[in-house]
Amino acid sequence: MKTIEQTTDEILNLAATHFKFPRADLQPGDDFYKKLGIDSLQALELLTRLENHFGVELPDYEVQGVSDFHTLATRIQARL
Amino acid sequence: MDEYKGKTLSWRLSDGIVELALDRPPANEIGLAMLEDLERFASSLPALELKASAIILYSAQKAGFSAGADLRELYEQARKMDAQSAAKGVREFLERIHAALNRLDTSPLTTIAAVHGVCFGGGFELAMVCDLIIADKMARFCFPELRLGLVPGFGGIPRLKRDIGNAVVRDLLLTGRSINATKAQSAGLVSQVAAEGEALRLARATAAQTTKFDRATAAAAKKFIKPLPAEELRREIDIFCELFTRPAVMEGLRKFVENAGAHPYLP
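Chains as they are written, first to last, in this note's numbering: chain A, 867 to 946; chain B, 50 to 316.
One should not assume that every hint holds.
Unchecked claim - Cut-off 25 Å, straight-line C-alpha distance, at most; resulting in silico cross-link-like pairs (DSS-like, lysine-lysine): (1) A/K868 to B/K232; (2) A/K900 to B/K232; (3) A/K886 to B/K304; (4) A/K900 to B/K275; (5) A/K886 to B/K129; (6) B/K232 to A/K901; (7) B/K275 to B/K129.
Unchecked claim - Residues on chain A that point at chain B, a partial pick, calculated with CB under 7 Å: (8) G903; (9) L907; (10) Q908; (11) L910; (12) E917; (13) D934.
Note that these hints are calculated values from the structure, not bench results.
Quick caveat: nothing in here was measured; it's all calculated off a predicted structure.
Note that CB positions come from ideal geometry on N, CA and C, so glycine has one too.
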């Protein structure tokens, strides 16, 4: 079982790699819409990448309104 | 005609395979212009079917296969009319798109949708017309219509019911959630999951396989296993039009069109 810190770290790594953003500049409490400058379609891409990476399903309604990496990690953690 | 380039799509027949590329920015929204091109394709099918074994539908747009019906166009058209005229216009649109999609659905050729990115609402309904869906692992499928106070109107519910179990249909419709390609495959909607960017290549390989079979046999098999749910398709148009006359729908469309937030595609 991953810890919430491990899950958050994997999300940050994945976001940094996919959106070509310096990993060191990403923090768990960051608003990923603002920090990464992504739109709704890119957010859907991130959602799909996270589902594929963690092997979980993340219904849209569970992540709607979520905009920081840490809360996103808690949603994933609940399904691991 | 073996080759065509319209405002929203193009097609080309080569080596017994017709490739139709949806190409209307930003995400192949299906409005009047695409309807007219789809009708042109449907009317070209009798000639193409004499020369081809398979049809591949794919998107030339990066965002995905299709984000669905052009809700902005629908809203702009409907708001200029009284409710009765708007409902009449919507019914005419649905009758026309059903006719075009039903023609493709029942084509004796093997039809394949190569899907990447968003495949939502009417786009999902277009993909489901095809015999096979081959999806990029980054593809995402969704029926978000209920958030507008509507049901899918391009034949989605009857075709879902034809293809998969009722529990999954209820999940997709009643939650409006989007699912990825792996989930769609486990539900029975997607036949093959491709690596990122590989859906069209796999679709071409699959289409090439179909050229090896006797066409009459393949057509007979398809006709036997894939009946058109004609009565339910008619009923779907009626239900959609009944729902469309409610003021809540125009309000939902207005909110969608005016939404400049970060989540306009998320149900």
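Restraint check, 7 Å cut-off on beta carbons, for A/G903 near chain B: violated, 11 Å
Min Cβ distance, A/L907 to chain B: is it shorter than 7 Å? holds, 6 Å
Going straight from one Cα to the other, do A/K900 and B/K232 come out at no more than 25 Å? It is violated: about 30 Å lies between the C-alpha atoms, which goes past 25 Å.
Proposed interface contact between A/Q908 and chain B, which counts if any beta carbon pair is under 7 Å: violated, 10 Å
Does A/L910 pass the interface hint, meaning its C-beta sits closer than 7 Å to a C-beta of chain B? holds, 6 Å
Does the structure keep A/K886 and B/K129 at a Cα separation of 25 Å or less? Violated, because 45 Å separates the two Cα atoms, which is more than 25 Å.
Once the shortest beta carbon distance from A/D934 to chain B is found, is it less than 7 Å? Constraint on A/D934 not satisfied, violated at 13 Å.
Run the distance test for A/K900 versus B/K275: straight-line Cα separation, threshold 25 Å. The given pair, whose Cα atoms are some 47 Å apart, is violated under the 25 Å limit.
Given the proposed pairing of A/K868 with B/K232, does the C-alpha separation stay at or below 25 Å? holds, 23 Å
Going straight from one Cα to the other, do B/K232 and A/K901 come out at no more than 25 Å? violated, 30 Å
Taken at face value, is the distance from the CA of B/K129 to the CA of B/K275 at most 25 Å? Distance ~40 Å between B/K275 and B/K129 Cα, so the pair is violated.
Satisfaction of hint between B/K304 and A/K886, Cα-Cα up to 25 Å: Roughly 33 Å between the alpha carbons, so the hint for A/K886 and B/K304 is violated.
When held up to the earlier numbered hints, the structure conflicts with 2, 3, 4, 5, 6, 7, 8, 10, 13 and fits the remainder.
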